Amino acid sequence: MPKANGRVDTIATGIANINEIEERINTDIDILVSLRKDIETKINKVSDLKQREILKCRYLDFKSFEQIAV
43 MPKANGRVDT
53 IATGIANINE
63 IEERINTDID
73 ILVSLRKDIE
83 TKINKVSDLK
93 QREILKCRYL
103 DFKSFEQIAV
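Heads up, the sequence shown is in this note's numbering, so the first residue is 43 and it goes up one at a time.
Because the hints were derived from the structure by calculation, they are not lab data.
All values derive from a computational prediction rather than experimental measurement.
Hints are supplied without guarantee of correctness; some may be wrong.
Heads up, simulated DSS-like pairs for lysine-lysine below, C-alpha to C-alpha not over 27 Å straight-line [as the list claims (entries may be wrong)]:
1. 79 with 105
2. 98 with 79
3. 84 with 98
4. 92 with 79
5. 98 with 87
6. 92 with 105
7. 87 with 105
8. 84 with 105
Generate the whole structure from the sequences, applying the supplied hints.
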C-alpha cells in the first residue's frame, strides 16, 4: 500500500511542522513576557506617580497619547 505510507508520511511531516511552530511560538511568548516584566520594572522605578501612570498606559496598555490625555 504505497498510498497509505505516503499519506502517513505527509501527516507525520505536518505534525512535526506544527510542533516546531508551537515551540517557536512558545519561545517568542517567553521572550515577550520577559520583556514586559523588564519594562514594568523600569517604569516602576520612575519616582513621579503621574509620569509612571502615563508610561504604564502608553507602554503596557498600548494607549495612544490622545487616549491617555482624556
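Practice task
Could you tell me which of the hints above the structure violates, numbers in ascending order?
Solution key: The structure conflicts with no hint, since it agrees with every one listed earlier.
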